[in-house]
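Q: Next come the chains, spelled out residue by residue.
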Amino acid sequence: MRRLYAILVGAGLVYMLFAFLGTISPYGNVNLSDRVSAHFLAKDVNSVDASKWVSGDKQIPSKMKVFGKKGFEDGSANVVTSIVVNYRSFDTLGEVTVLFASAVGVGLILGGTRRMRYGRKPNFILRVSTGILLPLIILFGVYIFVHGHLTPGGGFPGGTVIAAAVLLLYLSNEEFSLNMVVSKSLEGSMGSLYVIFGLIGLAVGGAFLFNFLPNGVVGSLFSAGVVPLVYMTIGLKVGSELSGVVAEIHEEREG
Amino acid sequence: MVYAISIILIGIGIYGLMTQKNLFKHLISLSIIDTAVNIFIIATGYVEGGKAPIYTKSLPNFAIGKFVDPLPQALVLTAIVIGVGTLAVGASLLVRIREKHSSIDVENMKGVEE
Amino acid sequence: MSALIWLAGGIMIVAAVFAVEAKKILDAVIAMSALSLVSVFLFIAMRAPDVAITEASVGAGLVTAVLLVTLFRMKGGDDK
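In the order they appear, the protein sequences are chains L, Y and D.
Residues 36 to 290 in the numbering used here are what the first sequence spells out, letter by letter.
Residues 298 to 411 in the numbering used here are what the second sequence spells out, letter by letter.
Residues 1028 to 1107 in the numbering used here are what the third sequence spells out, letter by letter.
One or more of the hints may lead you astray.
[What the hints assert, rightly or not] Computed cross-link-like contacts, SDA-like style, restricted to lysine to any residue with a CA-CA straight-line distance of at most 25 Å: (1) Y:318 with D:1061; (2) D:1051 with L:36; (3) Y:318 with Y:372; (4) L:93 with Y:341; (5) L:156 with D:1034; (6) D:1102 with D:1087; (7) Y:407 with D:1067; (8) L:219 with Y:348; (9) L:219 with L:175; (10) Y:397 with Y:327; (11) L:219 with L:204; (12) Y:318 with D:1034; (13) Y:348 with D:1034; (14) D:1102 with Y:394; (15) L:93 with L:129; (16) D:1050 with D:1064; (17) Y:407 with Y:386; (18) Y:397 with L:150; (19) D:1051 with D:1037; (20) Y:407 with L:175; (21) Y:363 with D:1067.
The hints are simulated quantities; they were obtained by calculation from the structure and are not laboratory data.
Given the structure is predicted, the values throughout are model-derived calculations rather than measurements.
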């Protein structure tokens, strides 16, 4: 009876969502000139007249910009990065705050002092290969978030790769436990550094999280102003936060 | 068609939330719904024949229709990481519930008033 | 490409049904991990490489690990 009821409710919801599909544009046939995203792609957000958007007039960007030259509004080659860290950076600040809240929540709920034992000896292959793979994994994580403005990736995947390295240490060594003081202080200092970048932008350019460094040539490593710096702070913050979550889920109370 | 896949996955997640009595299965159902919603949001930005929104030497100029929409991707990028955080909070709550009520099955919990 | 997307979607739906209905929780966690891993293919097919990298490292690595460690801590529970 319960299953029948659940199937009915689920089917009703699925039918409702399928009916809703008619109101959005079909899969693959999106016209980007209807959306604000065209201006993110063309990198001329500053030339948009906001009052025209509100009254419903479309504005199509016309200026062509060439890879490898100066003069981009934001120097990063990866448009997703420039949205996450530059155009909508305030969203990212809020997101990092939510992540901080969840890490604190895990710490408060599980607050243990002693490391949990798995009760069995780690496999020989796991122990030996951890020593070989661990530097490579951490190097890969750092590579992902340093090159976030040029290639796919960025602070969030880089941080999770670093947290995966910490998880590998926990699995391969029964005695290992993360130094919580180091991880918490790294997390806090990186979070404040993000806000400090925003305040410097407010002082220099008149807007919170303003891109106050020169943009440089698109495609080179030292370009895109504050974007690589902010992504480095985000990567270290997410990495230390998720490492803290992995560490805290391994801790249990005395007795 | 990706819309259809994600909507069916949402339906399966809702079904799991309604039928299962184990709280761990509730966590797994919520995670399935999370993945499905992420797929749906990405699918709203897909353009047929578009490329990934990264400027390269072979795609130097901007032209509408050459790239897919980058805005949903930027939203989902942060949503996935938040998903891990909330899942970890849920998992740690389950550990505490197991300690206090000696079970995570809704019907076998001790000390819970009906 | 279309057939591949349907195949990936079919695998995901089967994995989701299995994850919801499995008797042992360990099987459910593994099926959910497989679902996340197959969704990476869909993200790549929809030209979202940033999201694909994130989902691969999160869905297959951290989520599975967090759930499995939680399951290990509740060992001796009603479903083991």
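Q: Now tell me, hint by hint, if it's right for this structure.
A: Consistency of the hints with the structure:
1. The straight-line distance between the Cα atoms of residue 318 of chain Y and residue 1061 of chain D is roughly 23 Å, inside the 25 Å bound, and the hint therefore holds.
2. For the suggested pair residue 1051 of chain D and residue 36 of chain L, the alpha carbons sit about 23 Å apart, so the restraint of at most 25 Å is met.
3. Between residue 318 of chain Y and residue 372 of chain Y the alpha-carbon distance is near 33 Å, which puts this suggested pair outside the 25 Å criterion.
4. Using a Cα cut-off of 25 Å, the hinted pair residue 93 of chain L and residue 341 of chain Y holds, with the two alpha carbons roughly 20 Å apart.
5. Restraint check for residue 156 of chain L and residue 1034 of chain D: the C-alpha separation of about 40 Å exceeds 25 Å, so the hint is violated.
6. Note on residue 1102 of chain D and residue 1087 of chain D: the hinted pairing holds, with a Cα-Cα distance of about 22 Å set against a maximum of 25 Å.
7. For the hint linking residue 407 of chain Y to residue 1067 of chain D, the alpha-carbon distance of about 41 Å lies beyond 25 Å, and the restraint is violated.
8. Between residue 219 of chain L and residue 348 of chain Y, the direct Cα distance comes to roughly 40 Å. Violation of the 25 Å bound is thereby established for this hinted pair.
9. A hinted pair counts as satisfied when its Cα atoms are at most 25 Å apart, and residue 219 of chain L with residue 175 of chain L qualifies at roughly 23 Å.
10. For the hint pairing residue 397 of chain Y with residue 327 of chain Y, the CA-to-CA distance comes to about 23 Å; that is within 25 Å, so the pair holds.
11. Proximity of residue 219 of chain L to residue 204 of chain L is assessed by CA-CA distance (about 18 Å); at most 25 Å being required, the pair is judged to hold.
12. Between residue 318 of chain Y and residue 1034 of chain D, the direct Cα distance comes to roughly 31 Å. Violation of the 25 Å bound is thereby established for this hinted pair.
13. Of the supplied pair hints, the one linking residue 348 of chain Y and residue 1034 of chain D holds, its CA atoms being roughly 22 Å apart against a limit of 25 Å.
14. Taken as a hint, the residue 1102 of chain D and residue 394 of chain Y pair is honoured in the structure, with Cα atoms around 14 Å apart against an allowance of 25 Å.
15. For the given pair, residue 93 of chain L sits about 30 Å from residue 129 of chain L by alpha-carbon distance, which is inconsistent with the 25 Å threshold.
16. Restraint check for residue 1050 of chain D and residue 1064 of chain D: the C-alpha separation of about 22 Å stays at or below 25 Å, so the hint holds.
17. The suggested pairing of residue 407 of chain Y with residue 386 of chain Y holds, with an alpha-carbon distance near 22 Å, which does not exceed 25 Å.
18. Among the hinted pairs, residue 397 of chain Y with residue 150 of chain L is consistent with the structure: their alpha-carbon atoms are about 20 Å apart, no more than 25 Å.
19. For the given pair, residue 1051 of chain D sits about 22 Å from residue 1037 of chain D by alpha-carbon distance, which is consistent with the 25 Å threshold.
20. With a C-alpha separation of about 47 Å, the suggested pairing of residue 407 of chain Y with residue 175 of chain L is violated against the 25 Å cut-off.
21. Our distance criterion of 25 Å between C-alpha atoms is met by residue 363 of chain Y and residue 1067 of chain D, whose separation comes to about 22 Å.
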